[in-house]
Amino acid sequence: MTIPRRHFDALIIGAGGAGLNAARRLAGADLRVAVVSKVFPTRSHTVAAQGGVNAALANVLPDNWHWHMFDTVKGSDYLGDQDAIEYMCREAIPTVYELEHAGVPFSRLDTGKIYQRAFGGMSQNFGGEQAARTCAAADRTGHAILHALYQQNLRARTHFFDEFFAIDLLRDDEGYCLGALVLEIETGEPLVIESKTTLIATGGYGQVFRTTTNAYINTGDGMAMALRAGVPLQDMEFYQFHPTGVAGKGMLITEGARGEGGYLINVRGERFMERYAPRALDLASRDVVSRAIASEVREGRGCGEHGDHVLLKLDHLGKDVVGRRLPGIRDICRTFLGLDPAEEPIPVFPTAHYAMGGIPTDRFGRVVAPARHGPEEVVPGLYAAGECACVSVHGANRLGGNSLLDILVFGRAAGTDMLQYLRENPNHRPLPDAALDQAAGRLARWDRKGDGESIATIKAELRKLMEDHCSVFRTREVMAEGLAKLKALRERIEGARLKDHSRTFNTARIEALELDNLMDVGMATLCSALYREESRGAHSRIDFPKRNDAEWMKHSLYQRDGDRMDFKPVRTKPLTVDSFPPKERVY
Amino acid sequence: MKFRVYRYNPDTDPKPRMVDYEIKTPPGMMLREALLEIKRQDEGFAFRHSCGEGVCGSDGMNVNGKNRLACITLVAGLKEPVEVRPFPGRPVIRDLVVDMSQFYEQYRNVQPYLVRKDPLPEAEILQSPADRDKLDGLYECILCGCCSTSCPSFWWNPDKFHGPAALLQAWRFLADSRDQATDERLDALEGPYKLFRCHTIMSCVEVCPKGLNPTRAIGHIKELMLAKGL
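Residue numbers (our numbering), protein chains in the order written: chain A, 1 to 587; chain B, 1 to 230.
Treat the hints with care, since some could be wrong.
[Unchecked claim] In silico DSSO-like links for lysine-lysine, alpha-carbon gap of 30 Å or less:
id	chain 1	residue 1	chain 2	residue 2
1	B	Lys39	A	Lys499
2	A	Lys487	B	Lys39
3	B	Lys39	A	Lys485
4	B	Lys15	A	Lys499
5	B	Lys2	A	Lys249
6	A	Lys499	A	Lys546
7	A	Lys499	B	Lys24
8	A	Lys568	A	Lys546
[To be verified] A few chain B residues that face chain A, going by a derived Cβ cut-off under 7 Å, partial list only:
id	residue
9	Glu43
10	Glu53
11	Val55
12	Tyr113
13	Leu143
14	Tyr193
Quick caveat, the hints were computed from the structure, so don't treat them as lab data. All C-beta atoms in this analysis are idealised placements derived from N, C-alpha and C, irrespective of residue type, glycine included.
Chain A on its own, in the form it takes in the complex:
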């Protein structure tokens, strides 16, 4: 069978904020841009981001990008690369204005300027008073941004492949990325998209955990594709548990709820954050608040029949603030809990939320991997941006409001660098048939017939395993047991079979391909977490409770081949300012 081929200047895999901001940049320069997305673009998970996007606009309180940079470096527990962080915090300001010009309906101040709220880990003057830096469209900022970006791409006539699933990247012998093999979900037919440049913008992988704020589609597809193409994943041990997911259910309750004045209480009604972060209280960094909640519950001060959660109190804010600033949160509480947060507190617990790690890139969005000449050699033609990438601006812990910022800034930066690359590499390189073998094989594997375990069984076990063995608090014993189980589970996937082999809109087949991806990123996460013997940011080892800069101030790299671990240094030198040396991190 010959697979049909299409040709583009740029292929973008994923239609969330990173992909669409890159697409907009490229389509605006009259290039042929293909955006491949397994869902209609406005279904991408950027749509669910609530609280806002950070930029030192100083609309409410004094601010500048350098303070934002300090907060981000400190928030990262000094694992973030300071060149990329400086770039992001500087670029934040024009990026937000550009979005506003694109039509994003930001909430407004009486001055007519963009509304900015307080968020966790944000300070004035290098660790002083709380800052107001998070630009918000009520508590639907992601929705407002994603729709505006999609709309501007319609205007730019970007070519969308809606409901096409990317199977694998295509590389030639010299390592150039030449595009991807994709599957049209409606027809079940494969398609080769040859492209001079390819951007992976597929988002996160929260579905590897049982309880998560992430959508069903967040299965780490791009990260796993990178692994299979021989690219390692960086810092995968750093997975953020958001302090306030709805207990037992997982829906996100934005940090903006605390930014607007909400606070946490335990079963005794104590405002327990006073003990963990005496100054910043409920607006300490997310890793700090999540550990505090988990500790309260472990030590028997949890709420509810099973003492398994704490309460987020908003009722003192009044109906007007809740209705104006947090309408989406009110809807979620009414729908899923049958309560009005303006009257009753919300049961919350730390919930799997965000991957700090991912595909290693530089600050231009170029994928870098260890090769002949060192740990950071550019993979020609291949880019990554957004949650699937690791620039690294978040290091060991991401600050709230920095993820919308990351996807927008680095989506755009990748688009800009792709333009440059295309000027220097104006022609398609030949795609050898052999380059298709691995991708086609992966697709054919799920055509095997006969009896075998179901996808659903293995997926459920994987998610339970990751939650039990790789959660907020970690030990070698628990993780090593988890890794043994995970390796056994990976063997079992070989014996799994689909019952349904029909072509038309076969969602079972898509879920099988997603399970392959989840298995790969789950393995990367657990191997990396077991490897790092210190506590830093979101990675809390009970057996190694201290940060250890002498041995561990370095990025980890996981290679799929042999589950190998490697590392590379942190870039501590910013672009123009002095570096922020590691300090004890208190809030």
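Put chain B on the given structure of chain A with help from the hints.
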């Protein structure tokens, strides 16, 4: 609880059929979870879904005769057997998955993006809180399609009538103090079909899972047209 679900796989089924399922429904269960339980019994069952909290707009479907989002529909309140069908009036691809391309095309037809003609300032374009409030009830649309696919005028003329979802977005940009394409937008809506096929039946208002009101938006567009015409 008993569920009766529309099933059709064009690769294997000569024609669509309704299939009965019995599902255990713990308190608080949403329809999406019940459908996932059916999928665990039969992996061949196809429906779109993603965020699970009513913001991505993937899982619109017809439930006991009314268009809803499965992920924010409690099963407890539903009459048994719960009849689950694809959106009415759209070609079925498989099971509950329908072809929404005409719906998206109508959305594209209203030029759903901010148009600015003046030179851009180096900071934000200013907008008063009162002007920003005019976008509330408009920008929150998630393009789920519940409204347009329950609109009889859209059933009859999906190629010519923009439908409630697209018209809500047409008004969203007309109502935005920053937009500078009012005349072009109004001109583009002229003629007997694009806007004026709305007969104020208000099915759209009744079904919108986000509580939005396309009929009122359409009324505002008509008022603005009249005002401009005078």
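Status of each hint after checking the structure:
The suggested pairing of Lys39 (chain B) with Lys499 (chain A) holds, with an alpha-carbon distance near 12 Å, which does not exceed 30 Å. Simply put, Lys487 (chain A) and Lys39 (chain B) have alpha-carbon atoms about 27 Å apart, close enough for the 30 Å limit, and the pair holds. Of the supplied pair hints, the one linking Lys39 (chain B) and Lys485 (chain A) holds, its CA atoms being roughly 26 Å apart against a limit of 30 Å. With a CA separation close to 21 Å, the supplied pair Lys15 (chain B) and Lys499 (chain A) stays within the 30 Å bound.
Among the hinted pairs, Lys2 (chain B) with Lys249 (chain A) is consistent with the structure: their alpha-carbon atoms are about 24 Å apart, no more than 30 Å. At most 30 Å may separate the alpha-carbon atoms for a hinted pair to count; Lys499 (chain A) and Lys546 (chain A) exceed this at roughly 49 Å. A distance of roughly 24 Å separates the Cα atoms of Lys499 (chain A) and Lys24 (chain B); the hinted pair therefore holds under the 30 Å criterion. At roughly 21 Å between alpha-carbon atoms, Lys568 (chain A) and Lys546 (chain A) fall within 30 Å of each other, so this suggested pair holds.
For Glu43 (chain B), the interface hint holds, since its Cβ comes within 7 Å of a Cβ in chain A; the closest pair sits about 4 Å apart. Evaluation of the Glu53 (chain B) hint against chain A yields a held restraint, the C-beta minimum of about 5 Å falling below 7 Å. Taking 7 Å as the C-beta contact cut-off toward chain A, the hint placing Val55 (chain B) at the interface holds, the least distance being around 5 Å. Here the hint on Tyr113 (chain B) is kept, as its CB sits about 4 Å from the closest CB of chain A, short of 7 Å.
Annotation: interface hint on Leu143 (chain B) holds; nearest CB of chain A at approximately 6 Å, less than 7 Å. At a threshold of 7 Å, the smallest CB-CB gap from Tyr193 (chain B) to chain A is about 21 Å, leaving the interface hint violated.
Going down the numbered hints, you'll see the structure goes against 6, 14, while the others check out.
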